[in-house]
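Chemist: Sequence:
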Amino acid sequence: MPTPLGHALGAAAAGWAVARPLPASAPFTATLRRGAWFALLGMFPDVDLLLALHRGPTHSLGTALIVGLATTALSSDVRLGLAAGCAYATHALLDWLGADSSMPVGIMALWPITWEYYQASRPIFDSVWRRNETPDFWSHNVKALAKELLILVPLAWGAWRVATRQLLVKDRTGGSIS
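If you count the sequence shown from 1, position 136 lands on 135 in numbering that gives the first Met the number 0, and the numbers rise without skipping.
Treat the hints with care, since some could be wrong.
Pairwise CB distance ranges (calculated) [claimed, not checked]:
| no. | residue 1 | residue 2 | range |
| --- | --- | --- | --- |
| 1 | Ala145 | Met102 | 23 to 33 Å |
| 2 | Thr28 | Pro122 | 30 to 40 Å |
| 3 | Val77 | Arg32 | 12 to 22 Å |
| 4 | Leu68 | Pro3 | 19 to 29 Å |
I should point out that these hints are in silico values taken from the structure, not numbers from a laboratory. Backbone N, C-alpha and C fix where the C-beta goes; we use that ideal spot for every residue, glycine too.
Take these sequences, add in the hints, and give me the full structure.
Modeler: The following block contains the structure:
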């Protein structure tokens, strides 16, 4: 399953991609703060590690829906609520796409509809080992992190560019403007 950094990048990318871009007059730091909030939403499901209930209801689309609805209610901004729900849901998506060898295998993705665990048949992300019990602990985790970064950094960078409106746009004369 992905690292906290992978979850943060995936959530920031999803949130930035879905949220309404801030006005051009907004300070640059506002986009970064919003991205940090999305990143925290993407990492939050792992709080269940503290309760020894890892990969349970906090790793579900049901909880992502609750987060989206709560954000909409608190902000009165449906698009921001949708972005928050999507940012949170990336945790379930990335964990579903991650290799898992601990029991029970997978995540409770469809809670509260079902309490069953799900995992992709062909994981994209390598598992991250939490216990340093083998000589290849560090090399394994470094490789897993590198793979995550190769996949998620370009996605986060592209979403950030969209969120900050810095994509190059062709004007009518064929020149490019920022």
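Chemist: So does Ala145 sit 23 to 33 Å from Met102, Cβ to Cβ?
Modeler: 27 Å, holds
Chemist: Has the hinted range 30 to 40 Å been met by the Cβ atoms of Thr28 and Pro122?
Modeler: With Cβ atoms ~36 Å apart, the hint holds.
Chemist: Would you say the C-beta atoms of Val77 and Arg32 sit inside 12 to 22 Å of each other?
Modeler: 20 Å, holds
Chemist: Does the Cβ-Cβ separation between Leu68 and Pro3 fall within 19 to 29 Å?
Modeler: Cβ of Leu68 to Cβ of Pro3: about 25 Å, so the range 19 to 29 Å holds.
When the structure is compared with the earlier hints, no violation turns up for any of them.
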